[in-house]
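There are 2 protein chains.
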Amino acid sequence: MKKTILALVVVAFFNQPAGAADPKQMDENKRVVLDFYEKGLNKKDFAAAAVHLGPRYTQHNPNAADGPEGFRNFLAFLREKFPNSRSEIKRVFADGDYVILHVHAVRSPGERGVAIVDIFKLENGKIVEHWDVAQPVPEKAANANGMF
Amino acid sequence: MKKTILALVVVAFFNQPAGAADPKQMDENKRVVLDFYEKGLNKKDFAAAAVHLGPRYTQHNPNAADGPEGFRNFLAFLREKFPNSRSEIKRVFADGDYVILHVHAVRSPGERGVAIVDIFKLENGKIVEHWDVAQPVPEKAANANGMF
Chain A
1 MKKTILALVV
11 VAFFNQPAGA
21 ADPKQMDENK
31 RVVLDFYEKG
41 LNKKDFAAAA
51 VHLGPRYTQH
61 NPNAADGPEG
71 FRNFLAFLRE
81 KFPNSRSEIK
91 RVFADGDYVI
101 LHVHAVRSPG
111 ERGVAIVDIF
121 KLENGKIVEH
131 WDVAQPVPEK
141 AANANGMF
Chain B
149 MKKTILALVV
159 VAFFNQPAGA
169 ADPKQMDENK
179 RVVLDFYEKG
189 LNKKDFAAAA
199 VHLGPRYTQH
209 NPNAADGPEG
219 FRNFLAFLRE
229 KFPNSRSEIK
239 RVFADGDYVI
249 LHVHAVRSPG
259 ERGVAIVDIF
269 KLENGKIVEH
279 WDVAQPVPEK
289 AANANGMF
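Same order as they appear, the protein sequences are chains A and B. Each residue of the first sequence is one higher than the last, beginning at 1 in the working numbering. Each residue of the second sequence is one higher than the last, beginning at 149 in the working numbering.
Since the hints were made in silico from the structure, they are not lab data. Ideal placement from N, C-alpha and C gives every residue a C-beta, glycine not left out. Keep in mind that the hints are not guaranteed to be accurate.
[To be verified] What follows is a list of derived Cβ distance ranges for each label pair:
1) PRO284(B) / PRO83(A): 40 to 50 Å
2) ARG79(A) / LYS229(B): 23 to 33 Å
3) ARG112(A) / ALA169(B): 32 to 42 Å
[Said to hold, decoys possible] One-sided excerpt, in silico: chain A residues whose CB lies under 8 Å from chain B:
4) ALA65
5) ASP66
6) LEU75
7) PRO138
8) ALA142
9) GLY146
One chain only, chain A, in its complex shape (with noise of 0.2 Å):
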């Protein structure tokens, strides 16, 4: 029974609309939050950022509001309290509908900063979903390859 439903949810993950697997739209939709990325969360520039939004924008980052105001809210509070804050994206994927960022975000310069990975839903070409997970990049680590 448990091989069963593992195999189900198997094929339900490959099991795409065709349409969203196309290779040229996968990299435009790159694109789109590469600089939605950098007019938003670098410039601190709502309007820009905005434009490749779609009617929609579901929020799941626990801590910023529904829709397109909670994003705005968050670059206001970004541009009066960590003018100078950077989000420095290591790696960007595309699968589908989604593009993920692996990205370091410091909020002043010389801190260590925080982990954090975005998943971005798009339809046709716009941003219309969001989901985030951050995490402190520690001081100390069981390792020496760094959190990137």
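Following the hints, put chain B in place on chain A, whose structure we already have.
The following block gives chain B in isolation, referenced to the frame of chain A:
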């Protein structure tokens, strides 16, 4: 100058070796990582999971020692302290040599648990490198969408 650097970064991201984007290999990589995760994190069976490891296992999780031994020790810790822990995979992505999992991990049934994104790099169908980011699911959130 800044635009040139950004352009170079974007080109570098898309400039993956052609072989890395083989859809069949990416599907196979997803299957390998899902089996590794199920055998390892859920069944806590190091030997069954370790068949998917390559000649190295470079560990970036700051709480784990480098190499297969770090993973073996982590599974032993789970087996002893949290035998009923469960990792539920919410999303799986693949791009080039990488597989990315969005996971809800619960150490004891009924807990809110932790949101995790794992990134695995594979070579020749074997796992050779791992990064992750983990964040506790909070009791209250600024939106009603949940972390997944």
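Okay, the hints, checked on the actual structure:
1. Against the hinted window of 40 to 50 Å, the Cβ-Cβ separation of PRO284(B) and PRO83(A) comes to about 29 Å, which falls outside the hint.
2. Checked against the given bound of 23 to 33 Å, the beta carbons of ARG79(A) and LYS229(B), roughly 44 Å apart, lie outside it.
3. A hinted range of 32 to 42 Å holds for the C-beta pair ARG112(A) and ALA169(B), which are about 34 Å apart.
4. Taking 8 Å as the C-beta contact cut-off toward chain B, the hint placing ALA65(A) at the interface holds, the least distance being around 5 Å.
5. A least Cβ separation of about 4 Å between ASP66(A) and chain B falls short of the 8 Å threshold, and the interface hint therefore holds.
6. Hint status for LEU75(A): violated, given a least beta-carbon distance of 15 Å to chain B, over 8 Å.
7. Satisfaction of the interface hint for PRO138(A) is found here, the shortest Cβ-Cβ separation to chain B being roughly 5 Å, below the 8 Å cut-off.
8. Given hint, ALA142(A) at the interface with chain B, holds; its Cβ is 5 Å from that chain's nearest Cβ, closer than 8 Å.
9. Look at GLY146(A): its Cβ gets to within about 7 Å of chain B, closer than 8 Å, so that hint holds up.
Hints 1, 2, 6, counting from the list given before, are not met by this structure.
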